Amino acid sequence: MALQDMVTVWQRSTTAELCWVAPDGPTGIPVVPLVWGEFPCAALPLAHLDAVDGMSGRRVVFSAGGGAGAGTTSAVLGSGPVEVRYDLAGEQFTRDLLAQEVAKHPPTRLRADSLMARREHWWWVARVLVILTRLDSRNEVRPWRPAEDALLVRPGNREPRVDVVTAPGWGAAGRSEELWRRDGLPLAGNHEQAFAFGHRHSPDFERWERWYRAGSLSQETLTVAEAAGNPGEQPQPFGFLGRIRNHWRVSRACRTGVARAEARGAPP
Numbered sequence: 073m074a075l076q077d078m079v080t081v082w083q084r085s086t087t088a089e090l091c092w093v094a095p096d097g098p099t100g101i102p103v104v105p106l107v108w109g110e111f112p113c114a115a116l117p118l119a120h121l122d123a124v125d126g127m128s129g130r131r132v133v134f135s136a137g138g139g140a141g142a143g144t145t146s147a148v149l150g151s152g153p154v155e156v157r158y159d160l161a162g163e164q165f166t167r168d169l170l171a172q173e174v175a176k177h178p179p180t181r182l183r184a185d186s187l188m189a190r191r192e193h194w195w196w197v198a199r200v201l202v203i204l205t206r207l208d209s210r211n212e213v214r215p216w217r218p219a220e221d222a223l224l225v226r227p228g229n230r231e232p233r234v235d236v237v238t239a240p241g242w243g244a245a246g247r248s249e250e251l252w253r254r255d256g257l258p259l260a261g262n263h264e265q266a267f268a269f270g271h272r273h274s275p276d277f278e279r280w281e282r283w284y285r286a287g288s289l290s291q292e293t294l295t296v297a298e299a300a301g302n303p304g305e306q307p308q309p310f311g312f313l314g315r316i317r318n319h320w321r322v323s324r325a326c327r328t329g330v331a332r333a334e335a336r337g338a339p340p
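Position 235 of the sequence shown, counting from 1, maps to 307 under this note's numbering, and the rest follow consecutively.
These aren't lab readings, by the way, just hints derived from the structure by calculation.
Here the structure is a predicted model, which is why all the values come from computation and not from measurement.
Keep in mind that the hints are not guaranteed to be accurate.
[Stated by the list, open to error] Label-pair ranges, simulated between beta-carbon atoms: (1) 336 with 174: 28 to 34 Å; (2) 317 with 110: 36 to 42 Å; (3) 309 with 206: 47 to 53 Å; (4) 77 with 192: 37 to 43 Å; (5) 317 with 229: 43 to 49 Å.
We put the beta carbon where it would ideally sit given N, CA and C, even for glycine.
Make the full structure from the sequences, and use the hints.
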């Protein structure tokens, strides 16, 4: 029943998150939540190849029902081992997952909702599937507010520990930031690596921006070593030229990822 509850929230959400501890530290990314059979999954474009490399063989937290909402009063965190499948030809994605993503994600609707579009945007159809193969733990947390809150990822005993946190003002690198857990409990950091992140998107999802603060956590204080972006209100859509430039940036990143995966012998 716990898995089915997790899948229900995951399926209803428009956006979700994957959190894990990579070889170089904790991290997380926003994803489009899809379902493979009876398991939560994400189908990542090859622009995310580096993230996938750090995920293989590790336990991953699948987070859903938070800032983007799923009509629930709580968000769900489910963790366990994952299977990583390379689908460079996009066959499995097109057959089993495309319809789900088209319903949730406007860029995929534009780039892959017809045979002609898929041929033109083959680099978008090429995917790496990340499938939760077993639900080892499931927790409910308070939903977070995208304009203010973040998911804080850090190493746990057997799996990543993820908390919903906020801060008075998310500062730049070199600053110390006092964090508060949204459930009121202490963070009690012990100088471990920590990664706080959130994301926001324009109504058409052409702009989907992750922001983060990374550093070390001592008690309730995050000493920020690396920072990118800022939380805030929903960004506005690109203008005409911005949309063209963004399309080429995404195309170039995906093509590069496909070429790298092919060069090292990833299955088609």
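Here's how the hints hold up against the structure:
1. 336 with 174: 28 to 34 Å: 30 Å, holds
2. 317 with 110: 36 to 42 Å: 40 Å, holds
3. 309 with 206: 47 to 53 Å: Given a distance of about 39 Å, which is not inside 47 to 53 Å, the answer is violated.
4. 77 with 192: 37 to 43 Å: 39 Å, holds
5. 317 with 229: 43 to 49 Å: About 45 Å separates the Cβ atoms of residue 317 and residue 229, which means 43 to 49 Å holds.
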